[in-house]
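Protein chains: 2
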Amino acid sequence: MHYKLALIGFGNVARALAKLLVRKQDLLKSKYDVTFSFTGISTGSHGFAVNPNGLDIQKALALVESGEDISVLNNHQLPITDSLSVIQHSQANIMFENSPVNTQTGQPALDHIRTALNLGMHAITANKGPVVHGYRELTALAKSKGKMFRFESAVLGGAPVFSVMREAFPLAELTSFKGIFNATTNVILSLMENGETYDDAVKYAQSIGLAETDPTNDVDGWDAAIKVAALVTVLWDTPMTPQQVNPTGIRGITPEMIATAKAEGKRYKLVCSAEKIGDKVDASVSPQLVDSTSSLYGMMNSSTGVTFRTDVILDYSITLSEKPDMKGGPLETAYGLFADFVNVVK
Amino acid sequence: MHYKLALIGFGNVARALAKLLVRKQDLLKSKYDVTFSFTGISTGSHGFAVNPNGLDIQKALALVESGEDISVLNNHQLPITDSLSVIQHSQANIMFENSPVNTQTGQPALDHIRTALNLGMHAITANKGPVVHGYRELTALAKSKGKMFRFESAVLGGAPVFSVMREAFPLAELTSFKGIFNATTNVILSLMENGETYDDAVKYAQSIGLAETDPTNDVDGWDAAIKVAALVTVLWDTPMTPQQVNPTGIRGITPEMIATAKAEGKRYKLVCSAEKIGDKVDASVSPQLVDSTSSLYGMMNSSTGVTFRTDVILDYSITLSEKPDMKGGPLETAYGLFADFVNVVK
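Going down the list, the protein sequences come from chains A and B. In terms of this note's numbering, the first sequence opens at residue 121 and continues consecutively. In terms of this note's numbering, the second sequence opens at residue 121 and continues consecutively.
Take these hints with a grain of salt, some might be off.
Copies of the same chain look alike in the list, so a pair counts if it fits in one copy or across any two.
Here are the simulated PhoX-like pairs of lysine-lysine, each with C-alpha atoms no more than 25 Å apart in a straight line [unchecked claim]: (1) Lys151 <-> Lys396; (2) Lys396 <-> Lys443; (3) Lys396 <-> Lys149; (4) Lys386 <-> Lys443; (5) Lys151 <-> Lys139.
Derived from the structure by calculation, the hints contain no laboratory data. These figures come from a predicted structure and were not determined experimentally.
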């Protein structure tokens, strides 16, 4: 079976995905008799390219990575002027959505995925926006078309979480979860525990490309909150927005508070948690003191993780260890998209 | 679809499975339109019962739990004298194998599973013996019959491990793993760190039902070794026996060694590890000093876990937290069998 792929968004993660697909193409062929070609690419600032007969992915990667425009690869007679027209003309079987996250509305990712599903494509995304703002709608739409909507990479940067709960915990009842979902704040708190000021810690996180120029989304807890909302929305099929999570960030944590905690054998973590009580879900993101008996205590620097409590297995934890360079690579997020792809085509 | 079930072995785990199946029967019906009945039960010392029209499972549970024989429930005209005849006459669709583990040969579990598969049943076990001693043969036999051979509970007491690697890490290349697989030795080492002697710690582990009267299998590393061998055998499709793992146990760890380690911020753990190097797998079980940067450092008392390193996701850890009573309940192991069941029938 041959699959035509459209890449909507062609940043670090999407390019890592393209390279990973190429690297694993022999395995895909030998194990599942699956081949693929890229028939549409939409970039943020380097143009668009569509060719239902297949684009040269190596040329597209080289062009974007040297700052050039990919529209020279566009072979199609129809005018391609935006992401939606790339989707519409790509004749793709699977659309990968990797446009920037919009916490408030989930757009334009929502429209990309609606369009793709309506055209009979599977939709795979690393984008938390459409999960939080469209999970029920998009899942129902996908089902009505006999296609799949998948988003393994939306939480914990590509490490398997949704597929673990879906495939490995059949008919288990999730009662609560607790975790550390934002690497940037965990790095900042770890550095502060070693004596750095908040400002220096933020600067360091920015210098290694982990925190953005405006670190608000991380330090005020919004990135963590949208991940909590995504897990709640999917795992309990209970719609929740980051606004409802109403996060408290780490700006209020002073060096003095951290020093006092350290002297008591404790540390501050930006704790994400949710619990199902009856038909309601209580969720929160806030800095909390944890001691060495907590599964979160040992998660330092860029490590992240989650502990699930169910009616059958008590406290099953998944941890993604910190990286030597403190950054989660785009390869990990790309692998989450790749795993979704394999699970769709196998 | 209706499934007839044979339970070969009716100890704590198998009885917890029967109760769990009954507890989840409405969910199985509503979600997958699956119903079931028990048509054969083989116990270690409370007899055998077969009835292809269905046995009264509540009566069987009550009989065994009050120390009585279940053969009063046997409705069949044919002579039922052993586990193999239970399998042969049960007309079951699925056989659950939970006889005692035999590290050296995998028997009689191997023969139970061969018989069941040859009769066209799926075979599900919590028993490490047949995984280590028959994985390739039983997997091939199952495939030839269009059936499944599953064993989620063989490692980490029912917490999902095999299904995570199978379903959530498609086409990933496992390069190594490291973990703590034996709860008894971890409890003993934790107690010794708090000042108890080795002998007192072993006695405590025995008093709570965690260690056996003869603790050899745990303290000399054989239980850990057969779990390492099972993971190596399955995840790399590379047959390995516990003898080849050649474990070193914890008898050589003195209170002085533990005190010295503690003073240096380190602790001893019975570390299980394996690494694929070319076509070969190096595996070991031995006490090792770990410091607080290790993912194993925080696993105290009865907690167990494993860290997988792959070519795509670096250091993904699964941890099953310690229980308040330090025991892993039979419910967790039973859930592993139940999860296999759902994955077979769904």
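Structure-based check of each hint:
1. Lys151 <-> Lys396: For Lys151 and Lys396, the Cα distance is within 25 Å only across copies (21 Å; inside one copy 40 Å).
2. Lys396 <-> Lys443: Answer is between: at 21 Å across copies they meet the 25 Å cutoff, but 33 Å inside does not.
3. Lys396 <-> Lys149: between (43 Å within a copy, 24 Å between copies)
4. Lys386 <-> Lys443: both (23 Å within a copy, 22 Å between copies)
5. Lys151 <-> Lys139: The answer is within: 19 Å in one copy meets 25 Å, while 39 Å across copies does not.
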